[in-house]
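Hey, can you work out the whole structure from these sequences and the hints?
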Amino acid sequence: MAQILILDDELPLLQSLKIELSRSGHECLLAETGREAFKILDKDSPDLAILDVQLPDISGLEVLQRLRQEFPHVPVLIVTAYASVDTAVEAMKEGATDYLEKPLDLEELHLVVERELKNARLRDEVAVRRRGSQLLRSDSRMIGECQQLEEIRHLVGQLSQVPFDNAADLPTILIDGETGVGKDLLANYIHYSSPLSDQPFIQVNCSGLPRELIESELFGHEKGSFTGATQQKQGLFEVASSGTIFLDEVGDMPLDMQTKLLHVLENKRVRRVGGTREHDVNVRIIAATNQNLEGAIAANKFRSDLFYRLKVVHINLPPLRDRGRDRALLIEYFLERYMRKYRRPELKITKEVLNELLRYNWPGNVREMAHTIERLVLISEGNDLISPKFSSASGSDGGADRGPLSAVDLEFDFQTGDCSLQAVEKRLIERALAHAHGNVSEVARILGLTRGALRHRMEKWGIDS
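Residue 1 is where the sequence shown starts when you use the working numbering, and the numbers rise one by one after that.
Please keep in mind that the hints were generated in silico from the structure rather than gathered at the bench. The model shown is predicted, which means the values in this text are computed figures rather than measured ones. Be a bit skeptical, because a hint or two may be false.
Unchecked claim - Here are the simulated DSSO-like pairs of lysine-lysine, each with C-alpha atoms no more than 27 Å apart in a straight line:
| hint | residue 1 | residue 2 |
| --- | --- | --- |
| 1 | 389 | 351 |
| 2 | 426 | 460 |
| 3 | 223 | 268 |
| 4 | 223 | 118 |
| 5 | 301 | 268 |
Have a look at this one:
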């Protein structure tokens, strides 16, 4: 439901428009004069405005000017019985979105209103995503001094100097690395280090989208193309126009969608679900995965041609256990960040707690470190950061590699215990979840399953993550 301001000095027309638009669920704010409209704007923020130009007190263009000053993103439709090229041009120059001529065609009115409300929602969505990404700018810095990170910074600097006419001309980038190493932050860092930094950065988790909705989310759909498609919708490739679309966990994308993504990469065009024509897209594509895509290609789970299309530029992010002194820098960074966030400036970290954090192997990488330190800051009492109390099985083994899953013992009593394959599978998944601290993606990788297959087994055995 939208709130619509309607300004017209003809009361019957006002009432008629209110009845028509209310049928679509919209709330109508009615004004017969410009001054009444100003009073409404003093206390309400409409989602759309319909303004008559010829009014008894002031011109509708004056109301338009105030709307543009106070509500610059609100669509404004101009309605006049004195329509002329000059009137329309003047209104459009002042920021009107469109104009309609009296007598109004109600069907056309509905179409224009719904179109402009939809476009406004899309603009708001992009703005929210952009603001969210901008809030991440300070957190997307690549904290660390290890050789691998220095090489990545140098490469990102080179990429920012690549000449281009359109975002789609920029080379595709494939980022790989273990779960939690910060692939999304690196993608964000690449975007904001490039000439596209003032354009949208749209992140899509390919493993988090239901199979039946992924095509509609990425490419959009036409009204009536499937049950629930009550209106036309742009896909995220179109929403990200002139910016960057980041396809996280691209290795989880179904094969049929891989084919369609390859088509987009090759032709720079998308076809909405249920549509008959293709739409140009102008985006730079960054993809990321925690999987071995070459192994997935050998298993016929990933297209080799798509792999090479995505891997024009390849960046591997090292796990935290291989980043040496970076662990100390990240501990300091996250500690300062969460002390500031939760207003705990008095907290100090003792040498013993620091050594515990440094010795820990961080199997969940940077993400696990961030969450752990945030939790410690939240629950610490007094002035000292409390001990994380890592268990030896969790990886605080003097910095040694976490080792294979076989280190997580599975003991069975073959005489009295339940040793059915079902029981073994359930216990294996439970132990793997404990080993990976509940990280479902990591467990799926360890057990050689897709996230979907693992989720199915967890639901089957009633296992919570």
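Violated hints, by number in ascending order, as checked against the structure: As far as the earlier hints go, not one is violated by this structure.
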